[in-house]
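Take the given structure of chain A and dock chains B and C to it, following the hints.
Chains as they are written, first to last, in my numbering: chain A, 1 to 257; chain B, 1 to 78; chain C, 1 to 375.
It is worth saying that the hints were derived from the structure and are not from the lab. Idealized CB from N, CA, C, for every residue including glycine. Hints are not guaranteed to be accurate.
[As the list claims (entries may be wrong)] Pulled a few chain A residues facing chain B out of the computed Cβ check, cut under 10 angstroms:
1. 7
2. 13
3. 190
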Amino acid sequence: MVMEKVNLVYERPESLATTTTHYCPGCTHGTAHRLVAEVLDEMGIREKTIGVAPVGCSVFAYDYFNHDYVEAAHGRAPAMATGIKRVRPENTVYAYQGDGDLASIGMAEIVHAAIRGENITVIFVNNAIYGMTGGQMAPTTLPGMKTTSSPNGRDVEETGYPIRMSEMLATIDGASYVVRRSLHNPANIRKAKKAIRKAFEVQERGLGFSIVELLSSCPTNWKLTPVQALSFIEEQMVPYFPLEDFRVMPEVAAIRV
Amino acid sequence: MALKGTIEVDPMHCKGCSLCVDACPQNVIALDMEHLTPKGYHPAHLIAEGCTGCVICAIVCPDAAITVYRETKKKKVA
Amino acid sequence: MAKELLKGNEAFAEAAVRAGLEGFFGYPITPSTEFLEYMAKRMPSVGRAFVQAESEVAAINMVYGAACAGKRTMTATSSPGFSLMGEGLSYIAGTEVPAVVANVMRGGPGLGNIAPSQGDYNQMVKGGGHGDYFPIVLAPASVQEAIDYITLAFDLADKYRSLVFVAVDGNLGQMMEPAELPPMRELPEEPPEWAVYGAKDREPNRLSSIYIDAPDEEVANVRFVKRWLEIEKNEVIYKEYDLDDAEIAIISFGVAGRVCSSAVRVAREEDIKVGLFRPITLAPFPKKEIAALSKRVRRILVVEMNSGMMLDDVKQAVAGRVPIEFYGRMGGMTPFPDEVLDEIRRVNQNEEEIADGMERVEWLERLEKRIERGE
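In isolation and in its complexed conformation, chain A is listed as follows (with noise of 0.2 angstroms):
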């Protein structure tokens, strides 16, 4: 059937590069990239934004986006992100980081942004494991779940529990918007696109420090298909990390987006 571009409903973001990603198939790290894109598209800020990339399997984000980008050190974006905005306070500045860059070495550098109430925004993709290097243990790894240095499941008297970083988060006076979504189905991608188009405009009407945690698959190390991937998501991750608004200042839940 011969359809026109008058019927064109939705077509691949100008805010994401031409660029094929090395993400595994299946992994929603790619879903993420695209809700980011999107709602700069639809903000028009893809001009003057300038991300800020972690180590992990997005250590390449700047070549999936088609605006200004730069590589941070392990778990410094945060703190790279700060100096960006600080001396181009007009430009839009985003950090996206993985769970053991932002929960584990990038502790310091995530709570001390929010505390600073740093005018920028995180995209946080928690998928309780560390994908780049081989699947190991992250911070937020379920007790139990069996990784490359959790060989028989995470045992919580030897390694503690997995951190809920939005829950933490939200107990500080300088966070403006703190809150978890998930990406494993439609209904909840379209919530988390939602939240990610709040969380950008924050930063862009000046309201301070803004997050979203992103529940997300990693099928390869977790040794699932992409689908069964998700549903791994929605019956142990959703259980643990509940969805939910943690922290919402009062001048940011009378945005409609």
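Same frame as chain A, now just chains B and C:
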């Protein structure tokens, strides 16, 4: 009656992950086992009539590989 | 501008502001803290960015961000903080963005103390972090020099898209001397074309130190080496005192160099033909000039506040032409002019050859006696 839609899947980006196959409410998407993309994946493609242009496949696609079209409602002639 | 009595760290900070600093990111650490405290007041007063970071690790990464954004940026720290910055420094160098770091050296290693030292010479001239990169290192010896060379540091950083370290020590940071500050510079209107400032009407700029394919990394490294060779050719700075007819040359930098110049003055009154060669760029090191010097003198004395770090660079440049003696104080001890004068008198009488490695052995024997005497 449901609107008609169609999709185009970009063979450069599709990794044959099957998330769209699983998500399509009309079950009209499958991986094309007869062909390989330049990267060596079996790309997704429409296998039957029935696409409504609902965009759900594009919503779940991690690679933004899908372009979606939907016919507009025919206007009533006064 | 007229001279005023200015205090070390504050004067250096003001010099940086006047040179066009737009972002200061630091963490308190003695004896550099006054830099931070001065910046906390001054930067907001001129509408520029100041952040007290949560650590030196965070501070250097904030500097990295601001540098990528094409703005003049710096941090100031002291030895343990400088160590923390190692990875960030390597990233800044690998990404080829300009940044200035002031290191107010203190006694070490480890936590050490807050007394002045020159114990980070090796760490700084070798880069402080991993990989093949070459920062410029400037070593002022007075408040005026620190003002002048911090200003120069920003110009060199931008000229070469390079890291520039300014090596001061606790003495200099706390010193009050008459000095002149330069006028406030206009800030640039346009960002550098390589920076990230929003991809409007151009392709995105992607700043990274990643070259995942080794051949590409090698090409980048070739560029770094070539840049360094250019810097070595053009940017060596040093000062000479009383070397025209000297038979003995003292080589010393920073505050130690200043102590030596006092000793040289007194020694000259005793008719000892001694002069001082004071490197100001520790990197690029004045190898050619010291090699030439070693052809004119009969003996060299290196004086440092460490265990002999610049000593090795001097030995390399001298290439065995003349005997080299060493005098060092460590752990935060500053040599006094009379100590150096004793050394000059001794060196003046000494005709012995010195086998390689013995210069430290002989020095330690003398130093331990001093320590026993409570000097």
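Going through the hints against the structure:
Residue-level restraint check for residue 7 (chain A) holds (minimum Cβ-Cβ distance to chain B is 4 angstroms; threshold 10 angstroms). For residue 13 (chain A), the suggested interface contact is upheld, since its CB lies about 7 angstroms from the closest CB of chain B, less than 10 angstroms. Restraint check, residue 190 (chain A) versus chain B: the minimum CB separation of about 7 angstroms is within 10 angstroms; hint holds.
Of the hints listed earlier, there is not a single one the structure fails to meet.
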